[in-house]
Amino acid sequence: MDKFLTFTIVGLATAAIYAVIGSGLVLTYTTTGVFNFAQGAEGMLAAFAYWQMTVGWGWPAPLAIVVVLLLLAPAFGILLERVIFRGLEGTSEATKLVVSISLLVAMIGFAQWIWSPDQARVVLPFFSGHKFDLGATTITYHQLITILVAVAVAIGLRILLYRSRLGVAMRAVVDDRSLARLNGARTSMVARSSWAVGTSLAALGGILIASSAGLSATVLSLLIVNAYGAAVVGRLRSLPMTFVGAVILGLLDGYLAGYLPTSGTIAPYVVGLRLASPVILLFVVLLLLPNPRLRSHVRTREYFPAPTRKGMLLFSALTLAFGLVLATTLSQSDLVVYSRIFAVGIVALSLVPLVGFAGQISLCQLSFAGIGAIVMAHLGAGGNPIGLVAAVVICALVGGLVALPALRLQGIYMALATAAFAVLLDRWVFILPNFSIGPLHVKLFELGTLEVDPLKVFGVTFSSPESQMVLVVVTFVLVSLLVVAVRRSSFGRRLLAMRDSEAACATFGLNLVGTRLAVFMLSAAIAGLGGAIYATQLASIGPNNFDFFTGLPIFMLVVVGGAGFVGGALLAGVSLAGFLPFLSSLWSGFANIETMLPGLAGIGLGRQPSGAAPQFSAGFAPLRDDTPVLVSMLGGMAVVWILRLTGVIANWPMILLFAVVFLAAMLAVYLRAGPTTFAAAARQAMSDTTVAPAPSTGPGERPVPLEWVGVTVPWTADRVAEIDRHLRLDAIPVREMATAADGGPDA
Amino acid sequence: MPDFEVVGVTVRFGGNLALTDVSLSARGGQVVGLIGPNGAGKTTLFNVITGLQASTEGRVELDGVDLTKLSPTKRARQGLARTFQRLELFTMLSVRENVAVAAEVHRRWARAKVDIDAQVDAILERVGLGSVADTRVTALPTGQGRLVELARALACEPKVLLLDEPASGQDDAETERFAVLLRELAAQDMAVVLVEHDMRLVMDVCDVINVLNYGQVLAVGTPEEIRAHAAVREAYLGQGADA
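If you read the protein sequences in the order shown, they are chains X and R. Letter by letter, the first sequence follows residues 438 to 1184 in my numbering. Letter by letter, the second sequence follows residues 2 to 244 in my numbering.
Hints listed in this document are in silico derivations from the structure and should not be mistaken for laboratory results. A couple of the hints might just be wrong.
Computed spacing ranges between beta-carbons, pair by pair [stated by the list, open to error]:
#1 T745/X / E58/R: 52 to 58 angstroms
#2 R623/X / N39/R: 28 to 34 angstroms
#3 V66/R / L918/X: 41 to 47 angstroms
The structure presented is a predicted model; accordingly, all values stated were derived computationally and were not measured. Ideal placement from N, C-alpha and C gives every residue a C-beta, glycine not left out.
Take these sequences, add in the hints, and give me the full structure.
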């Protein structure tokens, strides 16, 4: 009984922290529409700042608390609102999601840069962990303070929301943002305040939990996933229910900590259960949410046209050539590093049908890759290609199993469910020893790392770095072609249709569940293939290669690169596994900020929601369409490559010469076409591939949309007459209309 | 001949009654008008019929089959098709592809042996979109966007066609052609239910008109009867629209 009381108190203290963080999350989500994935990272930064002041600089704890909670955190929150999130109003949920995930990644990168993870840091609990007796049990002052703080936060928020002008404005904004604005509520003031309060609450949670959870950038940042569970119990709207959710989570955690066996035969199987319990609960709560209404049309700015045959041919040829040049010019050790470009690229490709075409969100693709890698290690022993096939099949099945319950979830909830799955694998499944379910014997990472044999196909063993590079680039190109084939197929059209309007799809009898299931399985299968190939490159794999946090930059960079294009996946692979290691090799200090860069790239999203790939392809369009120059350029590059192969030049001159040949080709195109046509061609390509093209001058006779009369073309009697006809003003006497027309657009 | 019945539909949003005991029937060959002021509940009724909105009470039947408990998808497969007042077009796709998606899905569940390309071409010609078949739908004016929705609905070869303000955004000539098309569709044994504010069109093409006001059926009758109906004139037509 004493033990029970002790664990109850431990649980309530944990609950208090989740409640504090969760209520901050709910506050910002309801008032600004941003689900802040970086909430935990804000708490993490606050904990580090607190450590720096108290331990690093020797400040007294109360002073540090005041500075962090009342000064730094609100200022940081306001800064975030001002610089990043204000510009996101009116963008799709996916874009907001990517931006806040990017922020999370960037902040972890920042923290690891400033406070090296190699050094151990300890935050002492308040009053150095002193405790006092309470009846039959003891309680530390830290626990008592934590619980009291949560109660105070609950009361404080209640007063803020129901007794202050600001709170009334906040609730008004939650009800109806535009109506609140029309009635004179200062919505930007509201947004700023809720970011300030939300960040302070995150900071408070971070400081309170740092003494027990330890000062680690990733651990603290991902604690947010636990607080999600609490917030989702409140359906991201209700603060009281968020507190209830936090209490459930906290007590569960406390009792699991107390009663899970730590020794004996089943201990290794349940040791991860405690850490995984918040995400299991999150998953269960998500499943219990009521069915949402079918999504109808959402205005999005993205546009992903199907690539042309020629464009795809060129893309494949250039990608193959790129891989071949790398394979023949890089040193063995560099090859091991850079062949990851295409392995990551394949995992990234798995997101193209799912995120790009179907508009679904998955944060667990790298976890599928991990499953594929495990399958390859066990079933592909000796390099047996059966391992690859099994990886594809098993991942498709697992993907279907995960997706089936999650299918009716949308947007942010889908993101949360897939994140929960990924974290569940990290914290529990991937660290399980071998087990059997009936006749099925399951082997995972076997409590350590697994050795993976190089692939062996038709007697050829892909063991050398060169051959692995060739293998992976060829696989990447084949999978790209598959993805493009999907885009062109009727299945692809159904996905794009579903992305725009599920309601409309239902009205012609589309099986929505089946279609979503199919794309999720396809995507998981591709990720599994990527993981299996990646595993043969790494030769030795562990759970860390495939954890949730490692997977986030892939998701972000695919969206930034262009989620609807295979080129976007290549850009993700190149930037993550090519560009960043390359920069680090030039300047070792760069390695410290390496994690920050993808984050910064993601934060910049929103200006170009279709991603970078269409910009690239638009820029190259004039070159692509000028066959003689294109052929000469490729020929020139081939010559440079041959010079390198024959040892005439080294790598750096080769890169320089490639650049020279490329620039010369662009110049040639420019000169041949003349400046105006060149710009026009590029612009044409842009308008084909990116946002909201100007209404085309198609075969019909609508040269200028009527809205633009008087803006881009002058008013003429004909056009005015046409406008009248459209507005059905023909009935009004012509003389009055003529006066209006003469008076120009302002009349 | 399709026999479509909506019986006693009531929809409650919290304390508000969006629809109260609304009934409506349509038979193959008929064009049935559904008119009423903005906010009368016309679109809500369409949403209830197609299953996008659950009703508190009432049922929807087609040829004696109760559709009330079916999902929107299953209702579509029973022969309901609709267009939307707020366009629900597939913005990434061309006009032809918008229609082809529906045609392909229809062929699959109806196990119909049709040549998709030929079917889509024929539908596009029929609604007058042949010249813009390969344009991306976002480049079309609203009036033509509504025709794309109509074409998409026709691709399912429905028994009941529900049109939500299909003629708004069209000019007079287009509306006239549209009226002819509606009569042709009805003549193919389709039951057409038409929500429309253009009274001339409604009075021209409808066999029966239902008037909704504040979520209740105010009147049902032939165009002549509706024109003569005092309460209707007051609630709707009297407010300046030409009768």
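Structure-based check of each hint:
1. T745/X / E58/R: 52 to 58 angstroms: 54 angstroms, holds
2. R623/X / N39/R: 28 to 34 angstroms: 31 angstroms, holds
3. V66/R / L918/X: 41 to 47 angstroms: Check passed, 45 angstroms falls within 41 to 47 angstroms.
Taken one by one, the earlier hints all hold for this structure without exception.
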